[in-house]
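**Student:** Read off the chains here:
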Amino acid sequence: MVLVIAEQRDGVLHKASWEAIVAAQQTGQPVQVGVAGSDLARVAAELAVAEVDAVLTVVHAALESYTPDGFVAAFADLVTGIQPDLVFLPHTYQTREFAPTLAARLDRSLITDCVAVRPRDGRLAFVRPMFQGKFVADVSPTGPAPHFASFQIGAFHPDALRLGTSSAEVHVYDVSLDAEAIRQTVEPPFKEAKQAVDLTQAERIVAVGRGIRAQAHMALVETLAASLGAEVAASRPICDSGWLPMDRQVGSSGQTVSPKLYLALGISGAIQHLVGMKGSRTVVAINKDADAPIFEVADFGIVGDLFEVVPALIAALDADA
Amino acid sequence: MEREILDVDVLVVGGGPAGVSAALRLASLQRHEGGAPLSVALLEKSRQSGSHMLSGAVLDPSGLDELLPDWRTRGAPVETKVLDDRVYYLTERSYLRFPFTPPPLRNDGNYVISLNRLVRWLSEQAEAEGVDIFTGFAGTEVLFEGDRVVGVRTGDRGIDRHGERKGTFEPGVDIKAAVTIFADGVRGNLTKTLIRKLRLDGPAPQTYAIGIKELWQIPSDRVSPGSVVHTMGYPLRNEEFGGGFIYALPEGRLAVGFVAGLSYRDPLFDPHEAFQRFKQHPLVSAMLSGGQMIRYGAKALPEGGWHAVPRCHAAGALIIGDAAGFLNSMRLKGIHLAMKSGICAADAAFAAVRAGDVSVPKLATFQRLVNSGSLRRELYPVRNVHQAFGGGLFAGLAFAGLALVTGGWWPRGLLSSEAGHERMARLARYYRTERPDPDGTSNAVQVDQTVTFDKLTNVHYSGTRHEEDQPTHLLVLDTDVCRTRCRKEYANPCVRFCPANVYEMVDDGSGTGPRLQVNAANCVHCKTCDIMDPYQIIEWVPPEGGGGPDFEGM
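Here the protein sequences come in this chain order: A and B.
Taking numbering that gives the first Met the number 0, I'd label the letters of the first sequence as residues 0 to 320.
Taking numbering that gives the first Met the number 0, I'd label the letters of the second sequence as residues 0 to 553.
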């Protein structure tokens, strides 16, 4: 049985949780989903639409806000209690923090940032990139179960989720938790974090690169994004120049995104950028240079001047609306 | 601001082969000689020990023999004996094998290694001996009391790009030590200020080269492990110093690299491009074709030799390894000398701490150990060789041959040399008749993304990462010069000598012409810009601790 640990915050499910469930469904084994927090009714109902055996909610006042100690203790209890063969997690910031401790606490192996899972020689192989994505390695865990694995955001598509014919059962899993043993105290989020956009959750993204040439032209991009209902993102030079805040940077030193539509304007497509968006479903690129590497990953490409193409796009979109 | 203060007996700054050897030796001295416990701390700017290590590398094991005589049984990652040793002279399409391998390039008894792995292993040994290794911390400032060095300050963390404190701000720590051993590598930022402030310069200015290297995965039956190839000639011209190397590791891993002297005259010379041309040469491309490039990196190396070594001792301070310039450019080897200098420094520091005397005369023990041991024995006879290459490849080779006979003696003593950046000629002077277009790409190398790569793609494979929201760690003191004088006089050589695409001239259409764009996050910490900038207005300072490349397997 595979236990998927889903992630939520203030009653809102992290989209990548669906991807981890997809990964679990692909193993062919029964799947259960665990989620921790203080008020989980809504999240649990949402998760129950998936074809899974059960949704287990771990509810405790001390789990209202995420703390590494609290979540490690809660999930250690859950995993010990239900004894899954595998534990899957989305490779989120939260997972990065608590999953290693959780695995170490239970003295089990953890394979991080996987992009696929497949049978090999009678056992499961977890596929993870190495050397900046130049190679992928098949890693098979050894030692006693459960084995932990986290999955790169965008590696699986939520659309591949199998839905149940009826809602899965939701059980409350009782944990005994010593609130005193949680060493971290939660402070209000930083001001920056409050404003931060989570591009990983965006369905459509308009991304802009150096081809935009001047900050004054950013308004054009924002208009297009508004017409499309998309988030604005950028490659490094744009954020580096301060034309967009750094949390809108996509690429190896920014966010990794996988929207349904990724519109790349004036982005040449250096490998540093490609690694951050190659999981997008449909990539549309507009670039003056027909040899730009972005066209190699684009589903649709327009070789042309973005200052001609973008206004035409905006006009067409607004005419439709 | 309140800073934490940490007191230790000996502080080693820099966890390369020199620094780690010094720390290990100190720990073993303490174990053998007993007495009061000795606290040793080591600062290393990379996140993991060894991550900023880059070398060819062929190891002369004599340093390791001295440091850990039982290294063979302890499982040191030194396994691939050199079995075949060749030197070629290349022309554009052809090559000529030297009928014999010149004595300094003979590698009997040496090993092909990954310096990254060796240093990681040495660091584990040091930690097991009780040395405190602080990875992810760079020294940013030398702490003085008068002329005596009393320690080092580490960099602040959590400063944003405008110099404001972020929520994660943490001030640096003052680490105070009776003796501070500077092992901050080639063109070390702390050693640089130390030499300047205390006037420690050697008789000749230090000269440098840049080494660019890729690690390849090729079919494992193509080149036998332990094969060593060195080349001279193409793509360099007679006036440029340097050459290529190919070292075969087990399991089809191949280290392919190119070293170019940072003393070239042509301002349009691009070391990275020379490396691409080298890989395109039939001799090399035959080995690489069908393989995969899996790692990239670059690092400067000190080539000046004996005369360029500064005075390496001051009150409370010693300088070792590449920071001091202990490298034999004729043998193309420095790791063993770095280790030996670390051992000498540990011996001198240990005696000084035990005697409670860290004055200049007491620490001069280091100089005596260097002079009476194998460091001088190896470096002194070739003291003029690198300078002789200033007259071109053939003059250099002739002199190198002569030096072998005369023990380096030369009727005029020290051959004169100048700092490399001073040799770079202005465009108008170098290209007398027709001044090339600074943006011209007429002779650009063909990038196919299989054997040859552009710098940006290469940088990706260096694994380099820096916190994005931090002040730039490449200080350009006057960017107006880039736009005006430098553009005219040298056509902005920084965009070429930097192997990581850190420097770019970008025209943002403001009408004032291209401006300098510094992509500090790309930096692979090679120090070439600090060395080669003709106006000497680029200053390399350490970025927030932990930032930088990840030279795994290099």
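Simulated from the structure, these hints should not be mistaken for lab results.
One should not assume that every hint holds.
[To be verified] Derived CB-CB ranges, DEER-like:
hint, chain 1, residue 1, chain 2, residue 2, range
1, A, Phe-299, B, Thr-511, 35 to 45 Å
2, B, Gly-157, A, Gln-183, 14 to 24 Å
3, B, Asp-507, A, Pro-128, 33 to 43 Å
4, B, Arg-46, A, Val-196, 26 to 36 Å
5, A, Ala-311, B, Pro-281, 28 to 38 Å
6, B, Ser-93, A, Val-135, 37 to 47 Å
7, A, Pro-143, B, Asp-507, 25 to 35 Å
8, A, Ala-315, B, Asp-220, 36 to 46 Å
9, A, Lys-287, B, Gly-157, 34 to 44 Å
10, A, Gly-228, B, Arg-236, 51 to 61 Å
11, A, Gly-142, B, Arg-46, 50 to 60 Å
12, A, Pro-99, B, Glu-421, 28 to 38 Å
13, B, Asp-220, A, Pro-128, 45 to 55 Å
The model shown is predicted, which means the values in this text are computed figures rather than measured ones.
For every residue, glycine included, the Cβ atom is placed at its ideal position computed from N, Cα and C.
**Student:** All the hints need checking, so say for each whether the structure fits it.
**Tutor:** Going down the list of hints, with the structure as the test:
Between Phe-299 of chain A and Thr-511 of chain B the beta carbon distance is about 37 Å. The supplied range of 35 to 45 Å therefore holds. A hinted range of 14 to 24 Å for the beta carbons of Gly-157 of chain B and Gln-183 of chain A is consistent with their spacing of about 19 Å. For Asp-507 of chain B and Pro-128 of chain A, the hinted distance range of 33 to 43 Å is satisfied, since their beta carbons lie about 35 Å from each other. Checked against the given bound of 26 to 36 Å, the beta carbons of Arg-46 of chain B and Val-196 of chain A, roughly 28 Å apart, stay inside it.
Taking the beta carbon of each, Ala-311 of chain A and Pro-281 of chain B are about 50 Å apart, not inside 28 to 38 Å as hinted. Taking the beta carbon of each, Ser-93 of chain B and Val-135 of chain A are about 39 Å apart, inside 37 to 47 Å as hinted. Against the hinted window of 25 to 35 Å, the Cβ-Cβ separation of Pro-143 of chain A and Asp-507 of chain B comes to about 59 Å, which falls outside the hint. Separated by about 58 Å at the C-beta atoms, Ala-315 of chain A and Asp-220 of chain B break the suggested range of 36 to 46 Å.
The given range of 34 to 44 Å is respected by Lys-287 of chain A and Gly-157 of chain B, whose C-beta atoms sit roughly 40 Å from each other. In this structure the hint that Gly-228 of chain A and Arg-236 of chain B lie 51 to 61 Å apart at CB holds, the actual value being about 58 Å. Gly-142 of chain A and Arg-46 of chain B have their C-beta atoms about 27 Å apart, which leaves the hinted 50 to 60 Å range violated. At roughly 52 Å, the beta carbons of Pro-99 of chain A and Glu-421 of chain B sit outside the given window of 28 to 38 Å.
For Asp-220 of chain B paired with Pro-128 of chain A, a C-beta distance near 27 Å fails the hint of 45 to 55 Å.
The structure is inconsistent with the numbered hints 5, 7, 8, 11, 12, 13, although it conforms to all the rest.
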